[in-house]
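Note that the sequence shown covers residues 1 to 1116 in the UniProt record's numbering.
Rather than coming from a laboratory, the hints here were simulated on the basis of the structure.
Cβ coordinates follow ideal geometry from the N, Cα and C atoms, glycine included.
Take these hints with a grain of salt, some might be off.
Claimed, not checked - 25 angstroms max Cα-Cα, derived DSS-like pairs, lysine-lysine:
no.	residue 1	residue 2
1	K699	K628
2	K794	K709
3	K935	K976
Claimed, not checked - Just the calculated beta-carbon pair ranges, DEER-fashion:
no.	residue 1	residue 2	range
4	D254	K844	15 to 25 angstroms
5	E300	A160	34 to 44 angstroms
6	P435	D362	24 to 34 angstroms
7	D995	T437	50 to 60 angstroms
8	E300	D274	53 to 63 angstroms
9	K442	K761	55 to 65 angstroms
10	R443	E468	30 to 40 angstroms
11	N725	K442	43 to 53 angstroms
12	K844	D483	17 to 27 angstroms
13	V416	S355	25 to 35 angstroms
14	E564	I740	43 to 53 angstroms
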Amino acid sequence: MATDTQPAGATSGPEGMNGSSDGGGGGVVCTVDKALFLERMRRIYKSWKRQKTSTWGNASALAFVFGGSTDVTYSKSLALMYHLFGAELQHVLLVLLPDKVLIVAGAGTHQALRAYGAEGSNGGGGVKSEEDGGDLQVVVSRWDEGEGQTLTETVEEIRASGKAGSGNESVEGPSKVGGLTKDKAEGPLAERWKKLFPGPADAPVAEIVDVAAPMGLLLALKDEVAAKNMEVAARITSKVFKKCLVQRIEDVIDEDASIRHDALAEEVESVVRDPSKIDLKVPKEDMESCYFPIVQSGGEYDIKASAETTSKPLQQDIILCSMGVSYRGYCANVARTILIDPPKKVQEAYKALASTFEACLDAMRPGEPLKAVQEACRAHLEKRHPEYLPFLPKTLGSCIGAEFRDPTLLLNAKAVATFKPRMYFNLVVGFQNVPLTPQDRKRAKAGAAAAKLEHFSLLLADTVRIPESGSASLDEKLVTRYDYQLAKVMWEIGEEGEGEDDQDGEDEGEHRSRQDAASARAIANILPSRLRERKREGEDGLSQGEIDKQMKALLLRKMKERAEKAGKSGRKEAVEEEGEVEEIQAYRSTEQYPRDMRANQVFVDMEREAVLLPIHGMHVPFHIATIKNVVQPEPDAAAYLRINFYSPGQTLGKDAPGIMSKLVQAHGQKAGFVKEMLFRSLEHRNLNNAYRLIQELRKRARQREKDAKEEADLVEQEKIVLLKNQRVHKLQDVVMRPHISGRKTMGTLEAHANGLRFRSKKQEVVDIMYANVRNAIFQPCYSDLNVLIHFHLKDPIMINKKKAQDVQFYTEVVESVINMEGARRSTYDPDEIEEEQRERVLKKRLNDLFKDFAQRVQQVAQAHDHLLEFDAPYRDLAFSGTPHREMVTVHFSAQCIMSVSEAPFFVVPLDDIEHVHFERVMPSGKNLDMVIILKDFDKEPLTINSIPREHFVKIEQTLLDVEVTFTYGMQSWKWKEVLAGAKEDEDFYSSVDSDGSEKDPGWAIFLPKEAGEGSDSEEDEDEDSEFEANSESEEDEEDEEDESDFEEEEEEEESESDFDEEEEDDYSDADWEKQEKRLMAEDRMKDRGMEEEETRKRPKGGGGSRRGPPPKRSRR
1 MATDTQPAGA
11 TSGPEGMNGS
21 SDGGGGGVVC
31 TVDKALFLER
41 MRRIYKSWKR
51 QKTSTWGNAS
61 ALAFVFGGST
71 DVTYSKSLAL
81 MYHLFGAELQ
91 HVLLVLLPDK
101 VLIVAGAGTH
111 QALRAYGAEG
121 SNGGGGVKSE
131 EDGGDLQVVV
141 SRWDEGEGQT
151 LTETVEEIRA
161 SGKAGSGNES
171 VEGPSKVGGL
181 TKDKAEGPLA
191 ERWKKLFPGP
201 ADAPVAEIVD
211 VAAPMGLLLA
221 LKDEVAAKNM
231 EVAARITSKV
241 FKKCLVQRIE
251 DVIDEDASIR
261 HDALAEEVES
271 VVRDPSKIDL
281 KVPKEDMESC
291 YFPIVQSGGE
301 YDIKASAETT
311 SKPLQQDIIL
321 CSMGVSYRGY
331 CANVARTILI
341 DPPKKVQEAY
351 KALASTFEAC
361 LDAMRPGEPL
371 KAVQEACRAH
381 LEKRHPEYLP
391 FLPKTLGSCI
401 GAEFRDPTLL
411 LNAKAVATFK
421 PRMYFNLVVG
431 FQNVPLTPQD
441 RKRAKAGAAA
451 AKLEHFSLLL
461 ADTVRIPESG
471 SASLDEKLVT
481 RYDYQLAKVM
491 WEIGEEGEGE
501 DDQDGEDEGE
511 HRSRQDAASA
521 RAIANILPSR
531 LRERKREGED
541 GLSQGEIDKQ
551 MKALLLRKMK
561 ERAEKAGKSG
571 RKEAVEEEGE
581 VEEIQAYRST
591 EQYPRDMRAN
601 QVFVDMEREA
611 VLLPIHGMHV
621 PFHIATIKNV
631 VQPEPDAAAY
641 LRINFYSPGQ
651 TLGKDAPGIM
661 SKLVQAHGQK
671 AGFVKEMLFR
681 SLEHRNLNNA
691 YRLIQELRKR
701 ARQREKDAKE
711 EADLVEQEKI
721 VLLKNQRVHK
731 LQDVVMRPHI
741 SGRKTMGTLE
751 AHANGLRFRS
761 KKQEVVDIMY
771 ANVRNAIFQP
781 CYSDLNVLIH
791 FHLKDPIMIN
801 KKKAQDVQFY
811 TEVVESVINM
821 EGARRSTYDP
831 DEIEEEQRER
841 VLKKRLNDLF
851 KDFAQRVQQV
861 AQAHDHLLEF
871 DAPYRDLAFS
881 GTPHREMVTV
891 HFSAQCIMSV
901 SEAPFFVVPL
911 DDIEHVHFER
921 VMPSGKNLDM
931 VIILKDFDKE
941 PLTINSIPRE
951 HFVKIEQTLL
961 DVEVTFTYGM
971 QSWKWKEVLA
981 GAKEDEDFYS
991 SVDSDGSEKD
1001 PGWAIFLPKE
1011 AGEGSDSEED
1021 EDEDSEFEAN
1031 SESEEDEEDE
1041 EDESDFEEEE
1051 EEEESESDFD
1061 EEEEDDYSDA
1071 DWEKQEKRLM
1081 AEDRMKDRGM
1091 EEEETRKRPK
1101 GGGGSRRGPP
1111 PKRSRR
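Kindly produce the complete structure, drawing on both the sequences and the hints.
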């Protein structure tokens, strides 16, 4: 196959571009080689001969004059010229006879066209080529020699071909010659040709019939070279639209600058003239604008192809922008509508437009008539959105290629042609001048410019390829690539308005619209941060007094709402009655005892998980779950084995089996328990072996129960549905955390119909269902080492035999370990500068790659009816803290508080937060702790320790923004007891106690006491009662300590021996982590003790650590 390429540096000369009168210039370069020219010419002859009578008007010859007015941008003649020669030629006559092709040109153009044939009448026998078994002769000659003799001879050949075609040379009268009657040629050649052809009215040489329609069908079918040029044109159009037009609009909005529509369009036009401005490596002579870019805003809109850009300033409301680029004569087009803080009516209209666009796109299938697009469009609107039918244009686009808009192949109700593979169309769907009622404008955001519009228009256009198969996906048909979903084109930069929606009477449509708005907000987080930061403009700089005032108002309002909700539904949930406790049973009868037991010896049955102990000559079985620990005291002449059992009156410990804890609780007051047994034997071997087997059996039982607890809340996942017959979006060479196996798991992440599939290089597979994703997070790399996508799941999944609630996929941008050899470099070291530049380029490329994948995953999920919203951290709302063991950077986002840069991960959805309390907030303190209380009081609060004090105001303001209640104080609380008291108190959120006295509602008990609140006597009474309560509790504790001294001494001895003998075997890395965690906790307690000691020395403000729930404060 020939390639339609232009040599480097080749340009069209004066004749080719300017149409000089003498046809000279000699600078014309035809970019279509001879083989491709002959192939395309054969296609024209083939169609002409086969459909001569039906579509070609029974024409015996075809004649075309090239050399139209320079004011005409597109015409069928120009399209045919680019198709055959790959250049815009002037003053050329092309005549197709049944057995011969005549090309008549001027001097300069003649030189360029000689490659297609040999000299004809001026000396040459022509060039012959096979076509359907016949000969095709291409003759190239000049019209500006011999006083027009060549043109006269051409007319005679046309007359002769007409007689030959009729089969009777004696027949008088004009023959029929096909031409493009609507294209008007100008210039010296056109003037001479008009005098000779078709001749005088009384004796015409021929009758001209219009062949624009069949020629349009021929040009619509793109061969391999033309299709390649169309694809390149579409890619260029998409890049210029995204990197120049949309980016420039973003910058203008971000800077709150002013720019005229025509000035913005001129900037885009300059990029097309010089593509290197956006690093587009395309020869500038190969591309040009199809039309001057169109930008419209401010309420004056025209969605027709003839629309023009005005000189009015750009408004931040509804912006219609469209542009097209031609590459080597082949055109592509794209148009989008950018919605800035749109009212709800505009959002609904755009969703209707997008769904209508997809319905039209789906109707564009091979074999279907062109009018099917109009029919599918109207049927879709009549069924779902009939209110927008009056605003729909009559034509929804046209065929596109060398001719930007082919009038013979329009997408309207009258079109009779059919879609064929390798056709390209410009699909244009829009709504013109949709009215906005005053009620619609009231529901917009406060101060939004779009709320001032009385009418609005929407436009959506793309270049579409007709595929080979009718089952191709919509994504495969689109050639221009710029997302048209609402989440991509809607920008939110203003404050949230009140709106007048009826919350109680919400219907399904309103619920869907809120979901779409949430989706738009989620993707808006992935937009440039400069658009997000406008939301917080003017909120910085609040004093602590103003923050406290807002905090108190928010807290009291939330407590009132929760009290009303608790009053309606009942705060306490019904507690399920526990059934009978399951008894432990190792054997059903003595017949199941092992047969190989020896009398008066301890026997361990590993299969039944029982220890059979000899008591009075008989073996009595004890299940391993009943044994607390086993100890071997120091032997003397004999060996000893002491077995301790779980029993009432002692701490069972966190490792106690769940079933044993229930049995002790159920029967502890009414049944007898064996506390311990001691066995002595002169034979050491048996007791040593029993000790080893019991230890091993305890390990197995603990591990099995641990695994059962981990798998208890696992939910069976649905099977993943793999996408077939359409493109699967992939993110390759990413590392997964937690690892499936080994130190690092690398592979490919794929987006499918109902979930994502990660496939490692070892072919290990992990599936994540969209329905199981609680929070999807995209975190770009700025100062971090990694760019990542993180999923916080609703229900954990098993990875590498461990339960995982968070799954992450990342790529390292900077190596975490840097070679420090030769680290001392000059500030102006060129190698270091180049390395930094490469690093910046790599960061940008990976950020764009992950961002694009996140957006495409969201689109795939939404296309299959899954609501998946990607969130992104706010860089300006970051603070440092210690949620686990190490100091990390914690971010706020639109949906959660998170730290996902390093494992272990920390993700807390904002919807799960009940209240936030800050501890150790002291005037002289450098750090404070943030306690996050969850709505599920059965879960322990989450703590972020050691937050620098300078971040406190920023965190407070952010919590106010997201309406999360918070309080602060100097004390540290025992939150387990606080939550237990709150859970039991039915009037916790109420401002009135059960006895009718007033009290602080809910978490308002933690509000700092204002100066002068209450009397001195009341404070003294509170302190006295508090001291008395503490004294009573201390006396009770002392009594209990006296009663349990002996037990504690025995337990200490047991624990010491346990550590020396039992745990010495079990010691693992996990124990080292526990020890490290304990030491760190002790260090923190020492620091707190010093700070609290200083606080107690002050005359005001209360002091040290307070235990238990805070006392209720009555109000007067």
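Legend entry - Pairwise hint evaluation, K628 against K699, where the allowed Cα distance is 25 angstroms at most: Given pair K699, K628 holds - Cα atoms ~12 angstroms apart, limit 25 angstroms.
Legend entry - E300 versus D274 beta-carbon gap, inside 53 to 63 angstroms or not: violated (31 angstroms)
Inset, instruction - Using the beta carbons of E564 and I740, state whether their distance is inside 43 to 53 angstroms or not. - result: holds (49 angstroms)
Inset, instruction - Go ahead and decide if the range 43 to 53 angstroms is satisfied by the Cβ distance of N725 to K442. - result: holds (47 angstroms)
Inset, instruction - Check the following: the C-beta atoms of D995 and T437 are separated by a distance inside 50 to 60 angstroms. - result: holds (55 angstroms)
Legend entry - CB-CB spacing for D362 and P435 relative to the 24 to 34 angstroms hint: At 29 angstroms between Cβs, range holds.
Inset, instruction - Just tell me: holds or violated, for the beta carbon distance of D254 and K844 against 15 to 25 angstroms? - result: holds (18 angstroms)
Inset, instruction - Starting from K935, check that the Cα of K976 is at most 25 angstroms away, please. - result: It holds: about 14 angstroms lies between the C-alpha atoms, which stays within 25 angstroms.
Legend entry - Verdict for K844, D483 (Cβ pair) under range 17 to 27 angstroms: Check passed, 19 angstroms falls within 17 to 27 angstroms.
Legend entry - Assessment of proposed distance window 30 to 40 angstroms (beta carbons of R443, E468): At roughly 47 angstroms between Cβ atoms, E468 and R443 fall outside 30 to 40 angstroms, so the hint is violated.
Inset, instruction - Just tell me: holds or violated, for the beta carbon distance of V416 and S355 against 25 to 35 angstroms? - result: The hinted range 25 to 35 angstroms holds for V416 and S355, with Cβ atoms some 27 angstroms apart.
Inset, instruction - Decide if the proposed pair is consistent with the structure: K794 and K709, CA atoms, cutoff 25 angstroms inclusive. - result: holds (17 angstroms)
The structure does not agree with the numbered hints 5, 8 and 10 stated previously, though it agrees with the rest.
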